[in-house]
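Trainee: Listed below are the residues making up each chain.
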Amino acid sequence: MVTATSERALPSVASVCRTRAGVELKEFFRQRESVVFTLMFPVILLLVFGAVLNYDLGSGVSFTQYFMAGVIAAGILGASLQNMAIGIATERSDGTLKGLAGTPMPKSAYFVGKVAQVFVVTVAIVVILLVIGVAFYGIDPPSGTDWLTFAWVAALGSAACTLLGIAVSSLARNGRSASATVTPVALVLQFISGVFFQFSQVPTWLQTVASVFPLKWMAQGLRSVFLPDALAASEPAGTWELGRVALVLGIWCVVGLALCVRTFRWQDRGDG
Amino acid sequence: MTRTPAATAPGDVRPATPLDPDAAISVRGLVKRYGGSAAVAGLDLDIRRGEIVALLGPTGAGKTTTVEILEGYRHRDGGDVRVLGVDPATGGRQWKADLGIVLQSGAGASQLTCLELLRAQAAYFPDPRDPAEVLELVGLTEKAGARGRTLSGGQRRRLDVALGIVGRPRLLFLDEPTTGFDPEARRQFWALIRSLRDLGTTMLLTTHYLDEAEELADRVGVIARGRLVEVAVPAELGGRGQAPAVVHWTEDGVRRTAETATPTAFVRELAGRFPGEVPDLAVARPTLEDVYLQMIGDPRQ
Chain A
1 MVTATSERAL PSVASVCRTR AGVELKEFFR QRESVVFTLM FPVILLLVFG AVLNYDLGSG
61 VSFTQYFMAG VIAAGILGAS LQNMAIGIAT ERSDGTLKGL AGTPMPKSAY FVGKVAQVFV
121 VTVAIVVILL VIGVAFYGID PPSGTDWLTF AWVAALGSAA CTLLGIAVSS LARNGRSASA
181 TVTPVALVLQ FISGVFFQFS QVPTWLQTVA SVFPLKWMAQ GLRSVFLPDA LAASEPAGTW
241 ELGRVALVLG IWCVVGLALC VRTFRWQDRG DG
Chain B
1 MTRTPAATAP GDVRPATPLD PDAAISVRGL VKRYGGSAAV AGLDLDIRRG EIVALLGPTG
61 AGKTTTVEIL EGYRHRDGGD VRVLGVDPAT GGRQWKADLG IVLQSGAGAS QLTCLELLRA
121 QAAYFPDPRD PAEVLELVGL TEKAGARGRT LSGGQRRRLD VALGIVGRPR LLFLDEPTTG
181 FDPEARRQFW ALIRSLRDLG TTMLLTTHYL DEAEELADRV GVIARGRLVE VAVPAELGGR
241 GQAPAVVHWT EDGVRRTAET ATPTAFVREL AGRFPGEVPD LAVARPTLED VYLQMIGDPR
301 Q
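So the sequence lines, in the order shown, correspond to chains A and B. The first sequence runs 1 to 272 under our numbering. The second sequence runs 1 to 301 under our numbering.
Don't take each hint at face value.
As the list claims (entries may be wrong) - Keeping only pairs whose Cα atoms sit at most 20 Å apart, straight-line, the calculated SDA-like set for lysine to any residue is:
1) A/K107 to A/R262
2) A/K26 to B/R93
3) A/K107 to A/A21
4) A/K26 to B/G91
5) A/K107 to B/A146
6) A/K26 to B/R147
7) A/K26 to A/L148
8) A/K26 to B/T90
9) A/K26 to B/A146
10) A/K26 to B/G108
11) A/K107 to B/G92
12) A/K26 to B/L112
13) A/K26 to B/R119
14) A/K107 to B/A122
15) A/K107 to A/Q267
16) A/K26 to B/T113
17) A/K107 to B/R119
18) A/K107 to A/V261
19) A/K107 to B/T150
20) A/K107 to B/T90
21) A/K26 to B/E116
22) A/K26 to A/A124
23) A/K107 to A/V202
24) A/K107 to B/G145
25) A/K107 to A/D94
26) A/K107 to B/R147
27) A/K107 to B/G78
28) A/K26 to B/G145
29) A/K107 to B/G91
No lab work stands behind these hints: they were computed from the structure.
One chain only, chain A, in its complex shape (with noise of 0.2 Å):
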């Protein structure tokens, strides 16, 4: 058997990694759209409904406190499932996945580069929004052992719906098909989940359905950072359900992993 392709080294799967994570973010925040309805969307939303909505939910808790944990669970949604559903279609049809995949480049290191502009863009929205929030409309920046809840909701949401949102991808013919799919349901979920509205408000079998999906309880975890824990009697079950929180996001981290393991593929459908 002769060996004919030669023995180069090849670079390192590390630095590789560090390319991809630099070409992402270069595409991220050069792209107006994308800077725009990712980055920019969650700020209007805050700085609107914080000027419109500043009523008061009893205990001294104004709504612009409900609304920061419902905005940055929202925030989170698109730079993880909503970027990664649409991007990741677009990437498919236009050819760029195809091209990728033609290259030595170890396949691990595209969903690195991913996961790198997801958290990127995901740490910029929660400082913005943390940052107009404390600046303009009174919030208590979260302390103490709230830093570890907002911390690990934050990962572990971001982790699922950056997982469902490669998964999503393949469902797509191609990004704007994907954003046509994608943000309608979004912005639904954003209505029956406790983002614009107080959960209690949404009606019963509403709240059933939002409670299948991860933003609800990214939303309901940060509320427990951003509110005093006397409001957590006005939650469905009375109490913040952190454990629960934990165990839906983790199981959507599990669902989402599989489909994106049985369905990702570097070519459009029909194309091999």
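Keeping the supplied structure of chain A fixed, place chain B upon it in accordance with the hints.
Mentor: Okay, now just chain B, sitting in the frame of chain A:
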């Protein structure tokens, strides 16, 4: 059955011939089915190292399917394939490091500049070319700082070629690389391919342009109905070398035509009949287009 060495009879590969382990590409009995019909129906091909082979064939003849199986994008349903000694179905990163692929579809619109795209691509390969030199090679130096999405069609195709060669491939696949080029850009591209050949790069090119195949390829293969009908040097394809020449001239005010196997003797004899120049003299061989159209012509053949 005796083995036919590919070096002495490159166009005459029989199904029973074993794979050529030293060839850049060696294919035996390749089959690919979509639904019930076979897009590739028993294709054989050998490409030597350092050679440029062009594949011609009508749309739907199986060119792109064949090339994408060789590139590792598609699974085959039958036959044996070796590309640089490796079965593409199992080729890993080390194997891909020796390939350059310019897809028909090209790469997508990017927010990165040409130079950034080439630098990123180079970072996947063990021994890449200098991205700035590659831009120079494809004539995009002044577009180094332009974002991928702002390029014209022809410029983007040149960027695709640049991305295909930046990894210093030993084998380069070019699937319809000059579609959308103006004549001048095609000439520049041809010069680029020749300079890559001089560097020892093996190339498999598919094209719709017969002049491009004739200009660039050491050998031309014609694919029709999922099979390689013939592969030969361009001047010999379809028996062109042996085909009778056609001589045209004007005599007594009448346009005359004659077919002859010995055009030189014929013209010498003709010249003796005229005191000066033979009026409207022309000697023609069948063009590559003539023999190509004949080879793909009748689907019932």
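Trainee: Taking 20 Å as the top limit, are the C-alpha atoms of A/K26 and B/L112 close enough?
Mentor: Roughly 7 Å between the alpha carbons, so the hint for A/K26 and B/L112 holds.
Trainee: Please work out if A/K26 and B/G91 have their alpha carbons no farther apart than 20 Å.
Mentor: Given pair A/K26, B/G91 is violated - Cα atoms ~31 Å apart, limit 20 Å.
Trainee: Between A/K107 and B/A146, does the CA-CA distance stay at or below 20 Å?
Mentor: With Cα atoms ~28 Å apart, A/K107 and B/A146 exceed 20 Å; violated.
Trainee: Does the alpha-carbon distance linking A/K107 and B/G91 stay inside the 20 Å limit?
Mentor: Holds: A/K107 and B/G91 sit about 14 Å apart, inside 20 Å.
Trainee: For the pair supplied as a hint, A/K107 and B/G78, is the alpha-carbon distance within the 20 Å limit?
Mentor: Between A/K107 and B/G78 the Cα gap is close to 27 Å, so the pair fails against 20 Å, i.e. violated.
Trainee: So if I understand the rule, the pair passes when the alpha-carbon distance is 20 Å or less; does A/K107 with B/R147 pass?
Mentor: Violated: A/K107 and B/R147 sit about 25 Å apart, past 20 Å.
Trainee: Given the hinted pair A/K107 and A/V261, is their Cα-Cα distance within 20 Å?
Mentor: Judged against 20 Å, a Cα distance of about 12 Å means the pair holds.
Trainee: Given the hinted pair A/K26 and B/G108, is their Cα-Cα distance within 20 Å?
Mentor: holds (15 Å)
Trainee: Within a Cα-Cα threshold of 20 Å, do A/K26 and A/A124 meet the stated pairing?
Mentor: holds (15 Å)
Trainee: Between A/K26 and B/E116, is the straight-line Cα distance small enough, at 20 Å or below?
Mentor: Between A/K26 and B/E116 the Cα gap is close to 10 Å, so the pair holds against 20 Å.
Trainee: Is A/K107 close enough to A/A21, meaning Cα to Cα at most 20 Å?
Mentor: Holds. A/K107 to A/A21 sits at ~13 Å (cutoff 20 Å).
Trainee: Between the alpha carbons of A/K26 and B/R119, is the straight-line distance 20 Å or under?
Mentor: holds (13 Å)
In this structure, the earlier hints numbered 2, 4, 5, 7, 8, 19, 23, 24, 26 and 27 are contradicted, and the remaining ones agree with it.
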